[in-house]
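Novice: In case you want the letters, here they are:
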Amino acid sequence: MAATTTATVPATRSAAAPVRRRRRLLSYWPQYVAIAPFYLLFLAFGLFPILFSIYLSFNEWDGVGEMTFVGLGQYQYLVADPRFWNAVSNTFIIWIGSTVPMLFLALLLAFLLHQSIRFKGAYRVAFFLPNVTSMVAMAIVFGSVFSDSFGLANGFLRWLGSQEIGWLTESWAIKLTLVLMVIWRWTGYNAIIYLAGLQAIPTELYDAAKVDGASTWRIFTSVTVPMLRPVILFTVITSTIGGLSLFTEPQVLLANSGGNENSGGPGEAGMTIVLYQYNQAFTQFDFGYGSAIAWALFLIAAVFSIINWRLVREREGLADRRTRRAGR
Amino acid sequence: MSGTILDTTPRLGDPGQQRADRSAVRRSLAGRIAIHVGLALTALISVFPFYWLVAMATQSTAEIFGYPTRLLPGDQFGVNVANLLDSVDLLGALLNTIFVALASAVLVMFFDSLAAFAFAKFDFPGKDVLFVLLLATFLVPGSLSLVPSFILMSWLGWVGGFEALIVPGMANAFGIFLLRQFAAASIPDSLVEAARIDGAGFFRTYVHVALPMLRGGLAFLGIFTFVAQWNDYVWPLIVMVDPQRQVLQTALQSLNAIYNTDYGMVMAGALISVVPLIVVFLVGARHFISNIAAGALKG
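Heads up: the sequence lines are chains Z and D, in that order.
FYI, the numbering for the first sequence is 859 to 1186, going by this note's numbering.
FYI, the numbering for the second sequence is 7 to 305, going by this note's numbering.
Same shape as in the complex, but just chain Z (with noise of 0.2 Å):
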């Protein structure tokens, strides 16, 4: 920032000014090497292949023949494709399947972890572990219980002398499936970061409602949700992006369950977004079409992050006026 203010010098010397204002960019080399890697990888690896991608979704090409200009053939066939639509009916219904009990189950958890208690370090071992550990190994084990012929959850079901459900092949037990994965891996990680959020808020705000007489329930809505709006809006972005790009679980988990590879199971029950991008560019190696529903996808997440964004601010500004009305 320093180099732009050399404009201020005296004008008598302004003919050297250029040569100097060079010559002390050259010194700075030292620090502009050590930054320079990231936005050099960035411009390669980051900026390069979504340009390209938008190019690529205005072609028709197999990655090995001519490409073929085609104006916005792939997004007038992509509105008008089923599978693409069932794709995203199914991304959607796992998505907000999942987020809404797994954020209320992170909150409840987070809240009963911040008690002073003991094994507390344990406890966030334990929650955190299916965050760590790899979702293809996790997907395989998920497959075995919820297996149609031998898997534990039937056995348990037919121990109980229920009905058995064929949670990989039938269309909403699938979706089922895929949401209970989701809820596994992710409540856990979702309540290390409320607990943070939690032991950031100032105790003398708690101190301050019980001399107040305020109850728990009513300390845990006036004070504790308003005071982690900002974190729980991180975790509503974050389930967002990751909702809607499922891939792994539903592509490993329903590999052996019939229907086509790479198709999300029987009747596509568990064909996600992404996974359908994935079908189209790298089974039908049809890249055009890949890259058209990369972007459709990108604007759906844009779409639902602000309109995520919009709503935690609105809600704070209708908290703002009723504590303001409470206070008078």
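Since the hints were derived computationally from the structure, they do not count as laboratory data.
Be a bit skeptical, because a hint or two may be false.
Selected chain Z positions facing chain D (in silico; Cβ < 7 Å) [as the list claims (entries may be wrong)]:
1. Ile893
2. Tyr981
3. Phe1145
Note that CB positions come from ideal geometry on N, CA and C, so glycine has one too.
With chain Z fixed as given, assemble chain D onto it according to the hints.
Specialist: Chain D only, in chain Z's frame:
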């Protein structure tokens, strides 16, 4: 202090207050038990699939398929592993994964700390704009560029090679942002200044002053990168096209897809792919978890 003294003073002649105190204690004990039951149940559900993985990896496929379901581990682990090593080159995939994860961790630690040190402790023209630009790259979604990234790799001739897994992520915004926080908090300006007066240049100061003081942040970033690389699946699935040269996750997936009738064997493979990572996590768990949480709060 005076408050606590007052509280411990016995309130004679106020039996109502005493009863209230006792019931409060009892309620909080019941409450504490309820809290532990809730937490322990959730912890059990979190850990159960790992137990189940162990139970199945140690049973024969016939035992797994049997009814009633066998809930305890068996003694067939050796047999399963022997079958496994006959069917796929899991050992090779394991070594490949260790190599890729280690190389990534070391390179990320190096490039990110170098950039973080420059951003945290030096002024140079354009610094603020460049840092905002760096933060803006957080907003770029990864799944957007699977197709073009694959094409780029094929142009570079990197398809099927480890370069494709290591090079694109060698320096990343997350690590630079994180280490810059660490550097700003833990490296005193006076030390950097002292090094400059002693005639040490930027890189000497980096090696002798910054690196030792960034140990904590570097350890976290290293473990984080190692875990992320170990678990990465989509990108290796796309780019590691050579069946002879796989990483653990893709080898495990093809094992699951091809040999899905031999469950005991597939489970043994899954167990082998999970155990080293759990060990790494448990060693650094406390540090790791609090850094993840702190990162989320700042972000």
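Novice: If any of the earlier hints don't hold here, list their numbers in rising order.
Specialist: none
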